[in-house]
Amino acid sequence: MSDIAIELRGIDKSFGLVHANRNINLTVRKGTIHGIIGENGAGKSTLMSILYGFYQADKGEIVVDGKTVTIKDPNAAIASGIGMVHQHFMLVENFTVLENVMLGAEDSQILNTSIAKARVELKRLEREYALEVDPDALIEELPVGLQQRVEILKALYRKADILILDEPTGVLTPAEADHLFRILGQLKDQGKTIILITHKLREIMAITDEVSVMRRGEMVATRPTGETSVEELAELMVGRRVLLRVDKGEANPGAVKFSVKNLTVRDGRGVTMVDNVSFDIRAGEIVGIAGVAGNGQSELLETISGIRKAVSGSVDLNGTPIDMTGNADPRDLRDRGLAHVPEDRHHVGLVLKFEESENSILGYHHDKRYLNGVFLNMDAIRADAEEKIKKYDIRPPNPRLRTANFSGGNQQKIVLAREMERGPDVLIIGQPTRGVDVGAIEFIHKRIIEMRDQGKAVLLVSVELDEIRALSDRILVMFAGRIVGERAPDATEGELGLLMAGVEDRKEAAE
Amino acid sequence: MDFFQTLMALLESTIRVSVPLIFAALAGLFTERAGVFDIGLEGKMLGAAFAAGAVAAVTGSVGAGLLAAVLISVLLSLVHGFASITQRGSQIVSGVAINFIVAGSTVILGEAWFRQGGRTPALSGDARFQTITFPFAEELRGVPIIGPIYADLLSGHFLLTYLAFAMVPISWWILYRTRFGLRLRAVGENPGAVDTAGISVIWMRYKAVICCGILCGFAGAYLSLAMNAGFVKGMTAGKGYIALAALIFAKWRPLNIMLACLLFGFLDAFAIRLQGNPLPLIGQVPVQLMQALPYILTVILLAGFIGKAIPPKAGGIPYVKER
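Same order as they appear, the protein sequences are chains U and H. With the UniProt record's numbering applied, the first sequence closes on residue 511, and no number is skipped along the way. With the UniProt record's numbering applied, the second sequence closes on residue 323, and no number is skipped along the way.
If you're looking for bench data, these hints aren't it; they were derived computationally from the structure. Source: prediction; values computed, not measured. Every residue gets a Cβ at the ideal spot worked out from N, C-alpha and C, and that includes glycine. Certain hints may be false.
[Said to hold, decoys possible] Some but not every residue of chain H turned toward chain U, in silico, with C-beta under 10 Å:
(1) T59
(2) G63
(3) L67
(4) Y176
(5) R177
(6) R183
(7) D195
[Unchecked claim] Restricting the straight-line Cα-Cα distance to at most 25 Å, the calculated cross-link-like pairs of lysine to any residue (SDA-like) are:
(8) K313(H) x Y364(U)
(9) K188(U) x G145(U)
(10) K321(H) x L71(H)
(11) K321(H) x G435(U)
[As the list claims (entries may be wrong)] Pair ranges (Cβ atoms, derived):
(12) P143(U) x P169(H): 30 to 38 Å
(13) N75(U) x E111(H): 46 to 54 Å
(14) N405(U) x S90(H): 43 to 51 Å
(15) I300(H) x V351(U): 32 to 40 Å
(16) R88(H) x E495(U): 47 to 55 Å
(17) V503(U) x S90(H): 47 to 55 Å
(18) E132(U) x L255(H): 33 to 41 Å
(19) R88(H) x D344(U): 23 to 31 Å
(20) N276(U) x G283(H): 50 to 58 Å
(21) F82(H) x G494(U): 54 to 62 Å
(22) D344(U) x E111(H): 50 to 58 Å
(23) I300(H) x P330(U): 51 to 59 Å
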């Protein structure tokens, strides 16, 4: 028995020209929570995929519990006692909890026998680790927090001693995240080893014993968590000093530029996603909408940008009332001074196969500036794109490069440049920094504040509570399709967390 | 004419024409539940029918014919599997390609080998399936209502007919009560979950595709060895597509599939019966309209009456590991 759970020696992995992992060495001690932190694309996920047998390393050795092992597929990883909780849950949604837990680890060819055995084992695990979940519930009917618990149970059911969690808190409310951390603490006390992959510095500081930092495919440092600081880790991640706090002055709100009135939206199945929502945004202020993903924010954004039809309700844009149940379309709204940075830049914001310059005018391509009669004026478009590239520091600075070849942060800058440079009166931004590296986040936040200071009305929707708190002048919290409360940006995280979990606003309820 | 007699005759032919639909739709059930869409049911069935007819004609053995049908159909399934699972090609394109290749090559090979205008020689005796008569069928025929139902409706079909109906509960049991079925359904919903559980997605999908091939083989053999005495070019006549419609109509569930196939079979039998006979009140109905009914019905029913048919979530998407 050694007290080292996992040791990686000289792991190296390339995908074509991309050198995802360079000579990685990592030692994880048994019974600890070991954090791995790094920007998007730093190679964390690749490293963990190698450990879980999704990829084979080109070079290097994996030592589990003192023995050198070859992990050629997830089966081998499971056999070595490694379990993984994926960022996107690997669950079959229309199966029950039991079926999901035993999938791939069934005891017999006949299902009933396997189910009976799994039920007993699941009960035991629930008792041992206090992980309660109804074994017969369908996954799709469970809240995400419980779905994640099923993922953990899956790993434990396969007798995992080492648990890898990949960005586990992205979909959780602060309260659910706290609960998860308590569970992880408990697992650690029972002797399990936990590897936590995240880009959230706060989580690292809160629960890990040791932390390793990755940058551009390399492991740049490992520190005992008690002996490091958020500032040091951020600097290690980015490779230079980063401003973690957003500098912003007082807001000078002017007249109301944009108001949403009694908006109700249903999805394809007839489920109400946005429930009678009303709010105003003034010129020169940022209104943030906080909430756990899936509480109607996406539908709200799509509706007020004209992509989706409302069941009832209207908006006032620059003083013009627009009925959102029928004739509003994105182009019309744009012409009236609204710009929209969609949440999902890959599917809505950009056409990844187009070249950068084409994406930089997408949706404004009917503008006379970019046209030569009925034809596109490519020279004008490229010149325009180059200007934006310079101003927004988009790299590589090549307007003819295919958009798919830009990094997440640079793709987001392409969208931002397109929407902001039009000089809209109202700017709607969804998840501005999702999948964007720390360096670019800083830049994007600055630009959003600048827009505000130029007197634009900004609506910011984000599932990152820190981002909402740092940028917003007012915070609205959305839960189950309704605005359940409004807070000033200095509201505590606990207070907002309660609202995000649907605990009604007592102040307003009393009124 | 005696209404009861007409009804019995109609139901009897309903069963007869439903059999290939049931086999083919169940075949589609296995692949589509595993996430591989298969528009090539038609081609596989046709290829199997040809192989069955040709081999039975040459060997004089119905067993050899059936075996050849299953082999050819599984082989075609593996081609579809190779294109759409291993090479991650478009499942629709691969299926359509199989349909075209088979439609053409059966005629060419048939003409080259047998020189009967694309037909295979007429089969008789041991080269063809015989109907099975239940005990006491003749004796009980005289008993009112129950007698004819037993003697004509239940008794007197081919072995493959009984197998088709038996395959309905068997398929259900395999899909919902065995480990293989659990994994097969999982791979059609979220292959990532299967992969991370340490099971090969590729191999699971191949197994499903092979199941599909076997069942399509039965469907084809039924056409040329049981329902008809030999292969006729293009004899599937769109049954593969009707089976697909039945599969969607049945929302990818075994019992519903049987009911849908019986309904479509009934419409088919009705259309045949109606040829030349005017309907009361309506008068002469063009036979093409009746033949189009299953499709029209599918569209109408899917459009509103039975609610949304939700296909397996990962259907049609080749599995690629995420980085």
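Results for each hint:
no., hint, result
1, T59, "violated, 36 Å"
2, G63, "violated, 29 Å"
3, L67, "violated, 26 Å"
4, Y176, "holds, 8 Å"
5, R177, "holds, 5 Å"
6, R183, "holds, 7 Å"
7, D195, "holds, 7 Å"
8, K313(H) x Y364(U), "violated, 35 Å"
9, K188(U) x G145(U), "holds, 19 Å"
10, K321(H) x L71(H), "violated, 32 Å"
11, K321(H) x G435(U), "holds, 19 Å"
12, P143(U) x P169(H): 30 to 38 Å, "holds, 37 Å"
13, N75(U) x E111(H): 46 to 54 Å, "holds, 51 Å"
14, N405(U) x S90(H): 43 to 51 Å, "violated, 25 Å"
15, I300(H) x V351(U): 32 to 40 Å, "holds, 37 Å"
16, R88(H) x E495(U): 47 to 55 Å, "holds, 49 Å"
17, V503(U) x S90(H): 47 to 55 Å, "holds, 49 Å"
18, E132(U) x L255(H): 33 to 41 Å, "holds, 35 Å"
19, R88(H) x D344(U): 23 to 31 Å, "holds, 24 Å"
20, N276(U) x G283(H): 50 to 58 Å, "holds, 56 Å"
21, F82(H) x G494(U): 54 to 62 Å, "holds, 57 Å"
22, D344(U) x E111(H): 50 to 58 Å, "holds, 56 Å"
23, I300(H) x P330(U): 51 to 59 Å, "violated, 34 Å"
When the structure is compared with the earlier hints, violations turn up for hints 1, 2, 3, 8, 10, 14, 23 and for no others.
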